[in-house]
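Letter by letter, the chains look like this.
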Amino acid sequence: MMLKSALQSILSALFILLFVYTGISKLLDHRFFEATLSKSPLIGSASTIFSYVLPVVELGIAALLFVHQRIRVGWYAAFALMLMFTGYIAYMLLSQSTLPCSCGGALKGLTWVEHLLFNAAFTILAFAGLWLSRYQNTPTIKANFKTIV
Amino acid sequence: MKKYITGIFAVVLAVGASAFTHIQSKPAGDPMLYWVAADGTDDGLKTATQETIDRNCTGGTFVCSRGYNNPQHTGSPVQTLRKPNQ
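Chains W and F are the protein sequences, given in the same order.
The opening position of the first sequence corresponds to residue 163 in the working numbering, with each subsequent residue numbered one higher.
The opening position of the second sequence corresponds to residue 38 in the working numbering, with each subsequent residue numbered one higher.
Note that these hints are calculated values from the structure, not bench results.
One or more hints might be untrue.
Unchecked claim - What follows is a set of in silico ranges between Cβ atoms, one per label pair, in the way DEER data are often shown:
1) F:K40 with W:G206: 40 to 48 Å
2) F:A56 with W:G222: 15 to 23 Å
3) W:W293 with F:F46: 20 to 28 Å
4) F:F57 with W:A225: 18 to 26 Å
5) F:G53 with W:V218: 18 to 26 Å
6) F:L50 with W:Y253: 27 to 35 Å
7) F:V49 with W:L204: 31 to 39 Å
8) W:R296 with F:I45: 23 to 31 Å
9) F:F46 with W:S207: 36 to 44 Å
10) W:A168 with F:L50: 14 to 22 Å
11) W:I172 with F:G53: 13 to 21 Å
Yeah, the Cβ is synthetic: ideal placement off N, Cα and C, and Gly gets one too.
Next comes chain F alone, as it looks inside the complex:
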């Protein structure tokens, strides 16, 4: 039993941490924010939290757009976030 203590501790910690980060990542306030391309076309349903909007996903020479699954080429303008029916 003693040799499994660290393993059990790691599992409990991991389960707690993943549940915690999952709850924390849930959108607060208005959860339904739509990404809109620069030309005004609807880029599809995407949800974003303020945290993901504020975070720049910068990796070397690449710049990720703000929000989920919305890659951009370096240097292109950041897409505007607006609420639906605006």
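Chain W extracted, bound-state conformation:
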């Protein structure tokens, strides 16, 4: 039980670190991020909206993971976002003959393949966090239990 709790703390801290870092990096380097998104065939003209929405979503998920009462929602969101990012990179690698050079912060140093592996690993970790939180005792669950009893 203690090990599960410790693992969950470590995983949530890791994702908070990741999302806060990449979210803030994208906001600090907003012009570059938006320009890169505009090169994407999937995003193209919606790059301005995405360039604001994505970092805000990342920071929002970090906040959900920080607040223990909302951690399960945070894990669902983290898993969905990582799945989306991984799918996007996989699509770009499989379908595009030219690839823009871009990522957030220190992740700029990764190649597209490395970034795919990185995202895939974090998608698995997000699933692990979600799985570990399945017995998380939220106020909603407690209230429902009282009603049943």
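Given the structure of chain W, go ahead and fit chain F onto it with the hints provided.
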């Protein structure tokens, strides 16, 4: 409070790291370097640091050009970097 310690630590670390990498990525020396296409046409205003010039963004069979937002097809010549008004 104890259960938030790791979260607070992660946030502080992330904020520090993103600020650090942002400062580090600022162009040193002459910040205004223009990319020029092989045919001499101006490819638009782009800024690049020596670090981004030196780094090859290689992903499998794809080769990213040096610098920001300048994708290239595999096998095509790397675009030349020159200072403005040269």
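- Query: Checked against the structure, which of the hints given earlier come out wrong?
  - Reply: Nothing - there is no hint that the structure violates, so all of them hold.
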